[in-house]
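Line order of the protein sequences matches chains S and H.
All the letters of the first sequence, read from the start, carry residue numbers 56 to 442 under this note's numbering.
All the letters of the second sequence, read from the start, carry residue numbers 3 to 352 under this note's numbering.
By construction, these hints were calculated from the structure, which means they are not laboratory data.
A few of these clues could be false.
To be verified - Footprint (simulated), chain H over chain S, 3 or more residues, beta carbon under 8 Å:
#1 105-118
#2 124-137
#3 283-297
#4 376-383
What the hints assert, rightly or not - With beta-carbon atoms standing in for the labels, derived distance ranges:
#5 S/70 <-> H/59: 39 to 49 Å
#6 S/70 <-> H/133: 41 to 51 Å
#7 S/373 <-> H/115: 51 to 61 Å
#8 H/264 <-> S/331: 46 to 56 Å
#9 H/290 <-> S/78: 39 to 49 Å
#10 H/140 <-> S/324: 50 to 60 Å
#11 H/137 <-> S/78: 50 to 60 Å
#12 H/22 <-> S/415: 56 to 66 Å
#13 S/440 <-> H/101: 14 to 24 Å
Predicted model, so just to flag it, every value in this text is computed and none were measured.
No residue lacks a Cβ here, since even glycine has one placed at the ideal position from N, Cα and C.
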Amino acid sequence: MSGQLAAVLGTGQTKHVAKRDDVSIAGLVREAADRALEDAGLTYADIDAVVIGKAPDMFEGVMMPELYLAEALGAIGKPLIRVHTAGSVGGSTAIVATHLVQAGVHERVLTVAFEKQSESNAMWALSIKIPFSQPLVAGAGGYFAPIIRGYIRKADAPLDTGFQVVLKDRLNALKNPYAHLHQPDISMEQIIESPLLWDPIRYAETCPSSDGAAAMVIGSERAADASSRPVAWIHGTAVRSEPTMGAGRDRVNPHAGRDCAKAVYAEAGITDPFREIDCAEIYVPFSWFEPMWLENLGFAEEGTGWKMVHDGTTALDGDLPINMSGGVLSSNPIGASGMIRFLEVANQVRGTAGEHQVDGARKALGHAYGGGSQFFAMWVVGKDKPK
Amino acid sequence: MRDVAVVSFAQSATRRDQTRNEVEILLPVLREAMAPTGLTTHDIGFTCSGSSDYLAGQAFAFVSALDAVGPWPPIQESHVEMDGAWALYEAWVRLQHGDIDTALVYAFGKSSPGDVARVLSLQLDPYVTGPLWPDAISLAALQARAFLEAGHDEKDLARVVARSRRNAVGNPHAQLSGDIDEATLLDEPLYADPLRMHDCPPISDGAAVVVLAAGDKARELCERPAWIRGIDHRIDVQALGSRDLSQSASTRLAGEKAGVGGRADLAELHAPFSHQELIVAEALGLDETATSINPSGGALASNPVMVAGLVRIGEAARRLSAGEGERAVAHATSGPALQQNLVCVLEATS
Numbered sequence: 056m057s058g059q060l061a062a063v064l065g066t067g068q069t070k071h072v073a074k075r076d077d078v079s080i081a082g083l084v085r086e087a088a089d090r091a092l093e094d095a096g097l098t099y100a101d102i103d104a105v106v107i108g109k110a111p112d113m114f115e116g117v118m119m120p121e122l123y124l125a126e127a128l129g130a131i132g133k134p135l136i137r138v139h140t141a142g143s144v145g146g147s148t149a150i151v152a153t154h155l156v157q158a159g160v161h162e163r164v165l166t167v168a169f170e171k172q173s174e175s176n177a178m179w180a181l182s183i184k185i186p187f188s189q190p191l192v193a194g195a196g197g198y199f200a201p202i203i204r205g206y207i208r209k210a211d212a213p214l215d216t217g218f219q220v221v222l223k224d225r226l227n228a229l230k231n232p233y234a235h236l237h238q239p240d241i242s243m244e245q246i247i248e249s250p251l252l253w254d255p256i257r258y259a260e261t262c263p264s265s266d267g268a269a270a271m272v273i274g275s276e277r278a279a280d281a282s283s284r285p286v287a288w289i290h291g292t293a294v295r296s297e298p299t300m301g302a303g304r305d306r307v308n309p310h311a312g313r314d315c316a317k318a319v320y321a322e323a324g325i326t327d328p329f330r331e332i333d334c335a336e337i338y339v340p341f342s343w344f345e346p347m348w349l350e351n352l353g354f355a356e357e358g359t360g361w362k363m364v365h366d367g368t369t370a371l372d373g374d375l376p377i378n379m380s381g382g383v384l385s386s387n388p389i390g391a392s393g394m395i396r397f398l399e400v401a402n403q404v405r406g407t408a409g410e411h412q413v414d415g416a417r418k419a420l421g422h423a424y425g426g427g428s429q430f431f432a433m434w435v436v437g438k439d440k441p442k
Numbered sequence: 003m004r005d006v007a008v009v010s011f012a013q014s015a016t017r018r019d020q021t022r023n024e025v026e027i028l029l030p031v032l033r034e035a036m037a038p039t040g041l042t043t044h045d046i047g048f049t050c051s052g053s054s055d056y057l058a059g060q061a062f063a064f065v066s067a068l069d070a071v072g073p074w075p076p077i078q079e080s081h082v083e084m085d086g087a088w089a090l091y092e093a094w095v096r097l098q099h100g101d102i103d104t105a106l107v108y109a110f111g112k113s114s115p116g117d118v119a120r121v122l123s124l125q126l127d128p129y130v131t132g133p134l135w136p137d138a139i140s141l142a143a144l145q146a147r148a149f150l151e152a153g154h155d156e157k158d159l160a161r162v163v164a165r166s167r168r169n170a171v172g173n174p175h176a177q178l179s180g181d182i183d184e185a186t187l188l189d190e191p192l193y194a195d196p197l198r199m200h201d202c203p204p205i206s207d208g209a210a211v212v213v214l215a216a217g218d219k220a221r222e223l224c225e226r227p228a229w230i231r232g233i234d235h236r237i238d239v240q241a242l243g244s245r246d247l248s249q250s251a252s253t254r255l256a257g258e259k260a261g262v263g264g265r266a267d268l269a270e271l272h273a274p275f276s277h278q279e280l281i282v283a284e285a286l287g288l289d290e291t292a293t294s295i296n297p298s299g300g301a302l303a304s305n306p307v308m309v310a311g312l313v314r315i316g317e318a319a320r321r322l323s324a325g326e327g328e329r330a331v332a333h334a335t336s337g338p339a340l341q342q343n344l345v346c347v348l349e350a351t352s
């Protein structure tokens with residue numbers, strides 16, 4: 056553990072949907088922040104600083120929108136920091152907020168992440184051709200499909216693995232009132248028959264485009280001890296980055312992801328992640344990333360992650376439930392997606408996850424990644440105060 | 003708080019750079035900042051950068067910039083969509099944990115390819131003010147008018163510009179410099195009433211890099227480190243009608259929290275417009291007769307957007323390390339009409 060102890064005092068999120076035309080961007084972030092404060096039993100006056108994150112500004116067409124959002128977030132006269140680390144940003148943002156508390160700078164920090172994707176078109180905002188750079192083709196799927204094909208070939212994985220992941224996550228989402236996609240009639244047949252977008256990724260295997268926001272209040276040990284609400288103790292945080300391109304990069308099982316996992320386990324005192332972690336929310340925007348990340352995170356040996364999908368290990372009632380909330384495959388307000396992972400596992404160890412609660416969850420992992428599988432942010436939270 | 007110091011600083015010559023992209027501008031500056039420390043990328047505990055996608059006109063501008071660092075094997079790294087001064091703040095916080103001793107901070111920005119005054123309009127709220135497209139110069143002019151009407155004279159603005167140009171003569175990184183008297187400046191035509199062209203910053207592309215180190219590591223890496231004695235940042239409401247534009251409440255508050263106390267041998271204030279320097283100096287309680295203000299020429303002499311705030315901290319630290327003073331104040335700003343402000347107090351002693 057580096058620095059002083061910190062804990063999640065409260066969480067809040069919006070109901071993620073395709074288009075929130077009833078609220079402005081400020082209204083959206085305010086809704087999540089209000090809920091986090093209410094959950095923590097606090098008000099804006101209790102907050103020392105605000106840390107906000109989102110993915111590229113071009114997704115809404117507002118440059119550095121935190122300047123305009125400062126008032127809605129109760130940040131006037133306070134420090135306000137804006138984080139941007141690509142898709143991992145929701146996780147990185149929570150970590151910057153945690154660091155402010157662990158460094159002893161602040162007692163209580165409000166951290167917020169959002170995306171209002173309906174304001175523009177994320178796929179094409181990601182597909183701007185930069186001179187002398189490799190184009191992303193068409194959106195993130197065009198970039199990640201060859202990596203998935205690489206995984207299938209290397210791991211010799213059955214082709215229906217991705218379908219199994221989607222079916223599980225969309226069924227989990229039915230237990231999460233905040234999830235964007237609620238598809239009670241989802242079936243394997245429906246998934247298989249959905250159009251092929253980027254071989255081998257079918258439409259049903261992709262994340263939706265969502266408007267949504269997430270927020271947490273991170274507090275010091277003193278603030279957590281004083282709280283009458285359940286808290287989630289932060290046992291470890293880690294970030295790692297590597298370049299987009301370079302000889303020797305393994306985009307299927309990235310070096311930075313493996314290093315980040317090792318670092319977060321070491322800080323949390325975990326030696327056997329599969330046994331010691333009770334559940335995890337990991338960033339899976341395309342179905343196949345579940346088995347890939349299971350290996351990258353050290354839950355499975357390289358080339359065997361898909362087996363945990365097929366034998367039900369990652370199901371809500373399995374040995375290692377993954378994406379109990381329905382995951383990114385069921386809600387994807389991009390900038391907030393990482394924070395939702397962090398927030399959902401905090402709720403799991405607080406025992407406040409609702410219908411998708413894993414019984415007896417005491418220690419859980421939140422994971423986010425971004426860029427070309429090159430930016431990683433992770434945290435381990437626990438029911439018990441770290442020793 | 004743990005003692006943290008600026009142990010090295012480098013910046014690019016700022017100008018309209020039409021032949022190099024941001025990575026190409028940044029790379030030699032990184033090398034220059036690292037060289038005197040003898041450190042390599044993998045000796046650094048934490049790396050943090052500041053930039054804005056909207057200057058490059060692409061999502062993820064910072065992703066390719068990271069290539070300049072050479073993050074292989076992978077590194078601990080983060081990025082703020084803010085001026086690099088706030089990246090330095092994040093790195094300072096990270097160094098407080100005690101598990102690492104060094105941090106690399108960088109910022110980069112190319113303002114010249116687009117119309118930066120209009121690009122900055124996109125910082126405004128997108129529903130009420132933004133759709134009117136008031137550009138950054140018009141907004142600064144509104145603020146300058148409020149400042150003059152609060153009891154100041156346009157001669158004060160000319161004095162700031164003349165000093166900036168004079169001081170910049172000794173700064174090889176400055177874009178605008180020279181010996182011009184105030185009367186000549188006031189003879190120039192108005193550009194955005196009450197501002198003249200010289201009251202506004204030049205269009206600059208550039209990069210800057212700071213190396214931070216804690217405790218004994220700082221003493222080991224630098225003969226005379228510039229210690230961060232206080233650092234704080236605050237934000238005001240954005241809506242122009244909801245604040246007194248002739249003052250800067252957030253600068254005043256950040257200055258109090260950082261412990262400025264009105265005392266400094268030199269101050270580097272991030273004021274892209276002449277009147278803003280006077281507003282910031284007043285909010286920090288700095289007196290021109292006792293403190294050398296913007297000895298580098300400041301942002302009126304060169305203004306690489308997203309970089310100029312970090313340059314203020316670097317310039318102040320470099321001058322302290324060179325023995326030009328013992329105590330300095332550095333300031334960075336962001337947002338329309340000085341909306342967000344950071345203040346850093348630095349000290350160096352032999």
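Hint check against the structure, violated hint numbers in rising order: Result: hints 4, 5, 6, 11 break, sorted rising.
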